[in-house]
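With chain P held as given, fit chain A onto it using these hints.
Protein chains: 2
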Amino acid sequence: MDLVESLGEGESSGGRPPELIRFNAQHGYVAGVDIGGTRLRMMLADLNGKAVAQWSTQFTEKQKAPKAVCTIIHEGLREMCRQAETTVRKILHLTAGAPGITDVDHGVVRSAPNLVGWDDVPLRAMLERETGIGTIAENDTNLAAVGEHWQGSARDIDNFVFIAMGTGVGAGIFLHGRLYHGAEWSAGEIGYLGVTGTLRESPQMRQTGQLERIIGGPGIEEQWSRRLKRDRRQSDRALSKLCASQIFDLAQEGDPLAIHVLTDTAQILADAIGTISLLFNPRLIVLGGGVGAHECLCRATEKFVAKNEFAHPRLRSSSLGTQAQLFGAISLSLAAVNGTLIS
Amino acid sequence: MDLVESLGEGESSGGRPPELIRFNAQHGYVAGVDIGGTRLRMMLADLNGKAVAQWSTQFTEKQKAPKAVCTIIHEGLREMCRQAETTVRKILHLTAGAPGITDVDHGVVRSAPNLVGWDDVPLRAMLERETGIGTIAENDTNLAAVGEHWQGSARDIDNFVFIAMGTGVGAGIFLHGRLYHGAEWSAGEIGYLGVTGTLRESPQMRQTGQLERIIGGPGIEEQWSRRLKRDRRQSDRALSKLCASQIFDLAQEGDPLAIHVLTDTAQILADAIGTISLLFNPRLIVLGGGVGAHECLCRATEKFVAKNEFAHPRLRSSSLGTQAQLFGAISLSLAAVNGTLIS
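Read top to bottom, the protein sequences are chains P and A. In terms of this note's numbering, the first sequence opens at residue -19 and continues consecutively. In terms of this note's numbering, the second sequence opens at residue -19 and continues consecutively.
Pulled out of the complex, with its shape left as it was, chain P reads as follows (with noise of 0.2 Å):
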């Protein structure tokens, strides 16, 4: 709670939603939580979209209860308004992600199985009560694609998939130029798609799926494992450690163990690509999440996903990185105060 992040690269974000002309930016601001499973962010942005102020903070299980998650939340807009000198009634709108799926119309997250106690937490009118804003609750990935959308690698692009591989892996679509929800809320849980040369299995709700049990970062780094195991390396303590997006750093470097780790989670991801083209053919994936943003990731998937004649979307890795979230949020709020909700 105590970590204040100082500005970097990819946060004075420069563009705006061309609506939005504004003489005095400074008059209001909007803001944006992304509520992880292990830390959460914040961003605070003027009314032309610019960040003004950023801070974060780890959770310790007692602070994932949703109550004290609204608590924390209203302390770092407080912090946040500190930084940019200015107060948090200035602050007209804010839009919070959860790792779940959430039903957008009544602001509730129906289940986040990463969060203990998350279901059907009705984050939207707890967040209205303790903070006296305007807020949307949305699903996190989601958020992620409006960033992307809006800042990031599918700028101008209004058919895409954006593809988050982290601990967990999902997707958010973006369809004849918006979010696409579902008849309930669940669009794009690809983290439960079937695996080839595995057996059937009935997804459940509470439960990792398939495809992410084999290609989220713990699937990756099992693999790892039970390959060092078979190579004999398994003694080499800094080695087993390591996490996914080190493993691709060193199939980066030429290691050939890790290249197969690569290779294989490159060619489940392309299975799952080649599924998502023949249903959506979008014009574009976007991969992201600490996993799925590594860019030999998506230069690794690009070679299998060029043999299937159905699916030729460009693949470009997330240019946002972890501030997609926070930028798709900061996107839908700005879009909100404006009154042109678009999403």
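Be a bit skeptical, because a hint or two may be false.
It does not matter which identical chain is used: a pair holds within one copy or between any two.
Stated by the list, open to error - Pairs of lysine to any residue, SDA-like flavour, derived with a Cα cap of 20 Å: (1) 283 to 181; (2) 287 to 180; (3) 287 to 175; (4) 287 to 182; (5) 287 to 188; (6) 30 to 58; (7) 42 to 19; (8) 287 to 205; (9) 42 to 66; (10) 287 to 181; (11) 287 to 163; (12) 30 to 8; (13) 287 to 208; (14) 283 to 184.
I should point out that these hints are in silico values taken from the structure, not numbers from a laboratory.
Frame of chain P, contents of chain A only:
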């Protein structure tokens, strides 16, 4: 070319798009064509959307060339006008459905594997030249989806997937209240989806796909033959010649072998519906086409779909059957005449 169908039950549609209120519906007409793999069907409707004539003909191989098809369609228009005691000049718009990937913006059929020589055929321009009538060219399964939305099983549902199972297997996707085509007009090519328990395959445009090979009509008939052989009933000539929907009829009567075939088909179809549901989360799946519209397939598939917590779309059989494409064509032509092209 000699066959003139009498007007059947489903044809005098009754309903009409709400924006079409005309005092003299016979002021003009619109026409729809469904170019099938073996049969061409046509419908003429007044400006209230009421069918006033129908016509259909079987193709010879030679008649399937694009130019010959346009000539047949022109002849069909004249024949329907004779039936309705009007003239071709009173037809204000025509929509033609082709069994292949169709670029609606350019009116070009990109590829239609079941019609030899149909690669990049400028169907819209050819028909406009032949008939002098403004034309839309669309994919036939997409037309069927529009038809079911207008007059059939998906009335008032703005988020559904129409699955066509006949010789081929494909899907028409209706999202945000309108058809979704994808970036290169190939959204919904589900015939190429992988099937659990089979080997990885890279979809190739000019070959049939894995799902289609297994649960398309010929695939079902092949499974039936294999089971008959194992059961030593293949000597029964009448049994060995059954088509897929007749095999389902037998299952309905309680034949154990036929029930096996039905159950296997339903399981694989349910897997595909599971995949579709993970990605689109549709409110409804409509099962159509000569094989897919069979009531007992819908019931058998429902049982498997129920096991999937992420797939709770309602399942319904098509209520328009082989007329769905024609209703869709009429609906698009009415919208075009009315200047409110919705899809």
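Inset, instruction - Tell me, please, which holds for residue 287 and residue 181 at an alpha-carbon limit of 20 Å: within, between, both or neither? - result: between (27 Å within a copy, 10 Å between copies)
Inset, instruction - Up to 20 Å between alpha-carbons, please classify residue 30 paired with residue 8: within, between, both or neither. - result: Answer is within: at 12 Å inside a copy they meet the 20 Å cutoff, but 56 Å across does not.
Inset, instruction - Tell me, please, which holds for residue 287 and residue 175 at an alpha-carbon limit of 20 Å: within, between, both or neither? - result: both (18 Å within a copy, 18 Å between copies)
Legend entry - Intra/inter-copy verdict for residue 287 and residue 208 if alpha-carbon distance must be at most 20 Å: Answer is neither: 30 Å inside a copy and 38 Å across each miss the 20 Å cutoff.
Inset, instruction - Could you place residue 283 and residue 184 in one of the four classes (within, between, both, neither) given a Cα distance threshold of 20 Å? - result: between (32 Å within a copy, 16 Å between copies)
Inset, instruction - Pop the pair residue 287 and residue 180 into one bin, within, between, both or neither, using alpha-carbon distances up to 20 Å. - result: Only across copies: residue 287 and residue 180 sit 12 Å apart there, 25 Å inside one copy, limit 20 Å.
Inset, instruction - Could you place residue 287 and residue 205 in one of the four classes (within, between, both, neither) given a Cα distance threshold of 20 Å? - result: neither (30 Å within a copy, 34 Å between copies)
Inset, instruction - Have a look at residue 42 and residue 19 and pick one of within, between, both or neither, based on CA distance no larger than 20 Å. - result: Within one copy only: 13 Å inside, 67 Å across.
Legend entry - Homomeric proximity label, residue 287 with residue 163: Cα distance no greater than 20 Å: between (33 Å within a copy, 18 Å between copies)
Inset, instruction - Up to 20 Å between alpha-carbons, please classify residue 287 paired with residue 182: within, between, both or neither. - result: Classified as between; 6 Å across copies, 29 Å inside a copy.
Legend entry - Copy assignment of residue 287 with residue 188, given that the CA separation must stay at most 20 Å: Cα proximity of residue 287 and residue 188: across copies only (16 Å, versus 29 Å in one copy).
Inset, instruction - State whether the alpha carbon distance between residue 283 and residue 181 is at most 20 Å within one copy, between copies, both, or neither. - result: between (28 Å within a copy, 15 Å between copies)
Consistency note: the structure conflicts with the earlier hints numbered 8, 9 and 13.
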